[in-house]
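In this text, residue positions in the sequence shown follow the working numbering: the first is 58, and each later residue adds one.
No lab work stands behind these hints: they were computed from the structure.
On a predicted model such as this, the values are computed, not experimentally measured, just so you know.
Check each hint, because a few of them may be wrong.
[Unchecked claim] List of simulated lysine to any residue pairs, SDA-like, C-alpha gap at most 25 Å:
1. K116 to E170
2. K116 to Q103
3. K116 to I168
[Said to hold, decoys possible] If you anchor each label on the Cβ, the simulated ranges turn out as follows:
4. E104 to H162: 11 to 21 Å
5. P105 to H135: 28 to 38 Å
6. E151 to K94: 29 to 39 Å
For every residue, glycine included, the Cβ atom is placed at its ideal position computed from N, Cα and C.
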Amino acid sequence: MSLFTTITMTIPVEHAAAANRCAAIFDFDVGGAETFKACRLSATGQEPATHIMASTVIKPEYVSVLQDAEQVMPALTHLAEVYGREDPVLEDVEAFCNNVLVGEHPDLLRIAEDEPAA
Numbered sequence: 058m059s060l061f062t063t064i065t066m067t068i069p070v071e072h073a074a075a076a077n078r079c080a081a082i083f084d085f086d087v088g089g090a091e092t093f094k095a096c097r098l099s100a101t102g103q104e105p106a107t108h109i110m111a112s113t114v115i116k117p118e119y120v121s122v123l124q125d126a127e128q129v130m131p132a133l134t135h136l137a138e139v140y141g142r143e144d145p146v147l148e149d150v151e152a153f154c155n156n157v158l159v160g161e162h163p164d165l166l167r168i169a170e171d172e173p174a175a
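Using the sequences plus the hints, can you model the full thing?
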């Protein structure tokens with residue numbers, strides 16, 4: 058059995074900046090500050106994007122914690138201290154935890170990038 062599982066997380070666009078500030082602490086060594094950026098989604102698959110999706114590996118026992126600000130705040134505070142990051146802001150943690158969708162959401166479609174002209 059693997060120690061980690063891969064999950065997808067989806068966040069409404071209006072909470073992406075707060076989610077990225079949290080992700081920068083969670084994912085301190087590989088660009089967490091840009092976690093919610095590239096995979097843009099909407100109900101139609103067309104702009105404007107309403108959500109942004111990301112995937113990550115995580116220990117299965119931590120998945121349920123992602124939506125609980127009372128557990129995430131002390132965890133992020135500890136990680137920030139250990140890795141020399143700025144302390145998390147409660148409003149960011151609440152925005153992330155209260156709005157992150159964990160798992161697949163087939164009602165949201167990926168917005169395809171335009172192909173460059175040949």
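These are the hints, each one checked on the structure:
Restraint check for K116 and E170: not satisfied, since their Cα atoms lie roughly 32 Å apart, outside the 25 Å limit. Distance hint between K116 and Q103 is unfulfilled; the C-alpha atoms sit about 34 Å from each other, more than 25 Å. Of the supplied pair hints, the one linking K116 and I168 is violated, its CA atoms being roughly 29 Å apart against a limit of 25 Å. In this structure the hint that E104 and H162 lie 11 to 21 Å apart at CB holds, the actual value being about 18 Å.
Distance hint check for P105 and H135: the Cβ-Cβ separation is about 37 Å, which falls inside the suggested range of 28 to 38 Å. For E151 paired with K94, a C-beta distance near 21 Å fails the hint of 29 to 39 Å.
In the structure shown, a violation is registered for the earlier hints numbered 1, 2, 3 and 6, in ascending order.
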